[in-house]
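The lines below spell out each chain.
Number of protein chains: 2
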Amino acid sequence: MSSNGKERDKQREQNQTSSPPGDSVLEKPLSRRDMLRLAGTGGAGLLLGAAGVGGIMGAFNRAATATVETATASKAADTIEFYGEHQAGIVTPAPDFLLFAAFDLTVSSKEEVRKLFQAWTKASAALAKGQLLGDSNDRLNLPPSDTGEAAGLSPSRTTITFGVGATFFDARFGLSAQRPAALVDMPAFGGDELQEQWTGGDIGVQVNADDMQVAFHAIRSLARIARGKAVLRWTQEGFQRTGKADPAGATPRNLMGFKDGTGNPDAKNTAKMNDIVWVQQGDGEPWMAGGTYMVARRIRIRVEVWDRSTLGDQEATFGRHRDSGAPLGGSKEFEAVDLKKNGENGKPLIPVNSHMALARGDGSIEILRRGYSYSSGMDHRTGQLDAGLMFVCFNRDPRKQFIPMQQKLGQSDRLNEYIVHTGSAMFACFPGVQPGGYIGETLF
Amino acid sequence: MSSNGKERDKQREQNQTSSPPGDSVLEKPLSRRDMLRLAGTGGAGLLLGAAGVGGIMGAFNRAATATVETATASKAADTIEFYGEHQAGIVTPAPDFLLFAAFDLTVSSKEEVRKLFQAWTKASAALAKGQLLGDSNDRLNLPPSDTGEAAGLSPSRTTITFGVGATFFDARFGLSAQRPAALVDMPAFGGDELQEQWTGGDIGVQVNADDMQVAFHAIRSLARIARGKAVLRWTQEGFQRTGKADPAGATPRNLMGFKDGTGNPDAKNTAKMNDIVWVQQGDGEPWMAGGTYMVARRIRIRVEVWDRSTLGDQEATFGRHRDSGAPLGGSKEFEAVDLKKNGENGKPLIPVNSHMALARGDGSIEILRRGYSYSSGMDHRTGQLDAGLMFVCFNRDPRKQFIPMQQKLGQSDRLNEYIVHTGSAMFACFPGVQPGGYIGETLF
Ligand code: HEM
Ligand code: HEM
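Those protein sequence lines, which keep their order, are chains W and Y. Residue numbers for the first sequence follow numbering that gives the first Met the number 0, so the first one is 0 and each next one is one higher. Residue numbers for the second sequence follow numbering that gives the first Met the number 0, so the first one is 0 and each next one is one higher.
This is chain W alone, in the form it adopts within the complex (with noise of 0.2 Å):
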């Protein structure tokens, strides 16, 4: 980072700090929806320290069975994991938004950025069990450790998915040595119109949830609790159609009106994600073992040009039909591509130079895509909407997957007349953690 981002992260700190959590941070966790419930009981204190909780919910429990039951239920489904083999928000299903976060550390030792990573573990395993953070909720006299937008809310199958970057192993930490081969500088592509405001950072923080408050109140709480040791450097929002417009869950589509998810390896077939995704042992950093490495891509669609051109344009662009999917010249979303199959003309009825047959190629190259659409008003310089496809993908070497794919978009996807990318980084994301573990503990 130059000297002068330095004094510019100087005077944000001061800007976004705000009083931290503190070591007591979840000492004594309560479910936001138990906080509900309890409201419901009387009201005679929603925030209740953790010694007057199980009275009242052993009172509400009685008299209430049925609806605890309904509740905690349907927790369980709205539940992902934090702890595990692997970081949830990878293979894990998708919900319904997205909150990207970068931000740059401000501390100087290694010591400090692992107390960082502790708090923030404990944290986000309470958000993604969706509990209130720690114990000044209800103390007059203190900041409230929780901000409470979320309260009441379900988990929303939170998930909160860590990497660094590439400044992360630079001077400041002692820990270069340790940089991963594969965690290169991303080379320039063809296309690229990146904006700093929206490119780098020493930490990646994904935040997926069913519920835009949520995610919101997640990002929020981790930039609380980075006070006085790091610094947000930018955040984009993300959303897909929601599983009420769609209960049947198909195929999302993204903002051009394409299905975009259908060509995505499957992400339950754990061969193929050891493959393509997961780091192995003998990779290279033995502290990446587990791990992988995200890319996200702030690519602006250019909506105003694309509604101009013809459907006929616009599925050779993708070399998919837009109405169901299918590849061009066939019927079904899901039946299998023929890249050499010939239309009547003789010329391949999926164009050579289109998306889909670029980003296909022989099949040798595969990543495991996670984008989302994003709407951030508009560019007020050109008039136009500012929106397109925050894209986030996940692979096990980019030197070998994303970066020769991207490569050869850049240079000749037909779809590169509708698109540009403003933003981009690339972050090396931590194995799992235990319980008891912290994020990034392989590493320090």
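No wet-lab data here; the hints were simulated from the structure. No experiment lies behind these values; they were computed from the predicted model shown. Cβ atoms here follow ideal geometry from the backbone N, Cα and C, with glycine treated the same way. A portion of the hints provided could be inaccurate.
[Claimed, not checked] Simulated restraints on C-beta separations: (1) Y:ASN140 <-> W:PRO92: 35 to 43 Å; (2) Y:ASP378 <-> W:SER363: 39 to 47 Å; (3) W:GLY342 <-> Y:GLY435: 45 to 53 Å; (4) W:THR269 <-> Y:ARG307: 43 to 51 Å.
Dock chain Y with the ligands against the given chain W, drawing on the hints supplied.
Below, chain Y with the ligands without anything else, positioned relative to chain W:
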């Protein structure tokens, strides 16, 4: 509007516009869910011309009546009727998301404005029903008349609410004499830090839906239809907790962690709405009878400063308890508020400069609020989150309701330490439309 503004608009127009669906829009409506179901029947082509629909739908209905019935039932619950005595989106239930858009007209004749409003009316009625727009969605040599991203999604309780701003009544369309006296130029308020990029507009459009992708589709479609007639001036997304995260439907919390909406009048109380929301015959301009005035204020919350204040300060700021939402000293959210009640120290339990005390006053001035939280990345000048409240309210006469209320708040509200108004607009919302009519017809 300044001539500079006009030039910018011309440039914008060239950027923004895209092939409009044209006059054929909506001649052959097809529900987005019908499409999805058709796709399931064999994928022989989803976007059929109307001619093909009857036959296949018939066959499909016979094959799977149960499914269709379920879908129809859930669809009805998911639909808020566009036509009616009043516009939808005012006293109708508030869906989970907001997309607010302000447009500037680029045409010069009243007749062209009328045509735009007629096209927008047809489209809005179809969007509220979850229908695809237009009939060129299956012709390879034309731009699709529907942009497609909401295909297969439910109507999601979409409402689209139209109003016109003070600039609509300048010299351009010969309508100056019909400008309602109540549609004053908004005065400057204490604490305003308005930015042009979120202020004003000839036309204001509030879109609400239970799905962000559906809301986006609506605004994008309206902007597309406006090609050559109007350009987007600003947009702002908003959210609240979803029905999924809070099935019980408690009062939503704002990003300051407090329940927001408790003191709002009951939108189902028709007498009350006639009193405070709907312009009555004899109130002034006859064309506004059955309409209302919509005020939009983009209010940034200084989240980081708020999070450093104690629970006691926070509760004194609003005059309510954070956990229960009850007035200070009380225990139930909806219990009666007594601003005169003193605490043990002889001072009012609810501070006189608290937000509630000031907004409530002697109870003689009321408005109908319908705000949404927003999270729009970061303010890169300060490094702070750009998050807050997209405040929207409706009132019968802003000179007697919103303006005096905000004058008082702008001057003395304790909340001002933590918020800043960054955008502002006011629009005269037309009365409702009957099928065959169009928005604004009472004015033209
Ligand atoms: C705004 C930008 C982009 C849009 C709108 C987009 C959209 C799509 C669509 C509609 C498909 C076909 C359906 C599917 O298989 O999901 C697709 C496929 C794919 N895209 Fe993208 N994409 C974008 C950027 C990227 C980028 C940056 C990459 C990676 C460098 C990428 C990699 C892929 C891959 C690997 C496939 C699957 C190809 C196959 O094996 O069939 N896409 N994309
Ligand atoms: C970020 C800005 C604002 C926030 C966070 C906010 C929040 C709140 C909260 C928490 C309450 C108490 C619960 C309730 O009755 O809903 C409230 C009440 C109220 N607010 Fe605001 N508000 C904001 C701006 C405004 C503005 C600009 C106005 C109008 C000029 C306004 C008018 C009212 C009214 C009329 C009440 C009800 C008072 C009563 O009768 O009890 N608020 N607000």
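A quick look at each hint next to the structure:
{"no.": "1", "hint": "Y:ASN140 <-> W:PRO92: 35 to 43 Å", "in the structure": "39 Å, holds"}
{"no.": "2", "hint": "Y:ASP378 <-> W:SER363: 39 to 47 Å", "in the structure": "44 Å, holds"}
{"no.": "3", "hint": "W:GLY342 <-> Y:GLY435: 45 to 53 Å", "in the structure": "46 Å, holds"}
{"no.": "4", "hint": "W:THR269 <-> Y:ARG307: 43 to 51 Å", "in the structure": "46 Å, holds"}
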